[in-house]
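Numbering (my numbering), first residue to last: 1 to 234.
To be clear, the hints were calculated from the coordinates, so they are not data collected in a lab. Check the hints yourself; a few may be wrong.
Across the chosen pairs, the derived CB separations fall in these ranges [claimed, not checked]:
{"#": "1", "residue 1": "G124", "residue 2": "D196", "range": "30 to 40 angstroms"}
{"#": "2", "residue 1": "G143", "residue 2": "A65", "range": "37 to 47 angstroms"}
{"#": "3", "residue 1": "A69", "residue 2": "G143", "range": "34 to 44 angstroms"}
{"#": "4", "residue 1": "T126", "residue 2": "W203", "range": "15 to 25 angstroms"}
{"#": "5", "residue 1": "S131", "residue 2": "A197", "range": "24 to 34 angstroms"}
{"#": "6", "residue 1": "V83", "residue 2": "E136", "range": "44 to 54 angstroms"}
Every residue gets a Cβ at the ideal spot worked out from N, C-alpha and C, and that includes glycine.
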Amino acid sequence: MTAPVPAGPVSARAPRSPDLGQPTTLLLVRHGRTAYTEQGRFAGGGGPDPDLSPAGRDDARRASAVLAARPAARPLDGLPDPVAVVSSPLRRTRSTAAAVGAALGLDVRIDEEWTEAGFGAWEGLTYAEVSAGWPEELRRWQGSATVAPPEGESLDEVVARVGRARARVTAAFPGSTVVVVSHVTPIRAVVREVLDAGSASLWRIRVDPCSITVVRFWADGGCEVLAVNAVPAP
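With these hints in hand, go ahead and build the complete structure from the sequences.
What follows is the structure in structure tokens.
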């Protein structure tokens with residue numbers, strides 16, 4: 001015998017009235033690899049701006065091929081064709097977005113608020129270097145979303161601006177599919193928003209280079225995650 005399900009809030013996956021129309025679907029793509037990615041260095045929005053490495057350009061080509069091959073390619077099967085490509089202004093995202101846009105026949109729109117978190121004094125350094133030079137500051141930053149790196153940006157600040165950027169996209173393209181090329185922290189912030197999760201989730205969502213994360217938003221505020229960190233096959 002199946003136990004009764006307690007009453008509670010309506011699930012984000014619950015059936016919706018046809019009056020609400022189609023959801024807005026965001027295909028969140030992390031940029032391809034850079035030399036900093038390969039060396040394990042902090043690369044945020046406020047320091048050196050590395051472009052894609054040769055491996056990163058291969059990443060971008062694979063992701064573009066998957067996006068262009070839909071609707072047959074999972075996790076994108078059955079989704080409407082993308083109508084726009086939006087990108088962070090950093091070089092690694094613009095290069096990735098250019099490959100995606102070319103594959104889809106779409107121009108790339110730049111939105112500053114999709115950029116990576118600002119890591120301040122830690123930009124360009126490895127985790128070991130930061131741990132050696134700022135052990136207490138690193139511990140506090142990892143333990144609180146309100147704490148920023150020296151001269152950098154707190155996770156709460158990133159979440160706030162990414163929320164604005166996400167709202168702009170869903171307002172501008174209601175009922176459509178949009179590719180957003182961004183970074184680890186902004187993509188985690190959107191998944192956290194959809195799941196209504198706590199700030200600790202920002203450390204627990206894996207986002208690999210050129211992976212595709214799929215989320216949907218309805219006009220009534222409902223939302224759902226379809227896929228996280230789907231990585232194109234080599």
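For each hint, the structure was consulted:
Under the hint 30 to 40 angstroms, the C-beta atoms of G124 and D196, about 34 angstroms apart, fit the expected range. The hinted window of 37 to 47 angstroms between G143 and A65 holds, with their beta carbons roughly 41 angstroms apart. Taken as a hint, the range 34 to 44 angstroms holds for the pair A69 and G143, whose Cβ atoms sit roughly 42 angstroms apart. Distance hint for T126 and W203: a CB-CB separation of about 18 angstroms, consistent with the stated range 15 to 25 angstroms.
Checking the proposed 24 to 34 angstroms range against S131 and A197 shows it holds: the Cβ atoms sit about 27 angstroms from each other. Range check, V83 to E136: Cβ separation about 47 angstroms, and the 44 to 54 angstroms hint holds.
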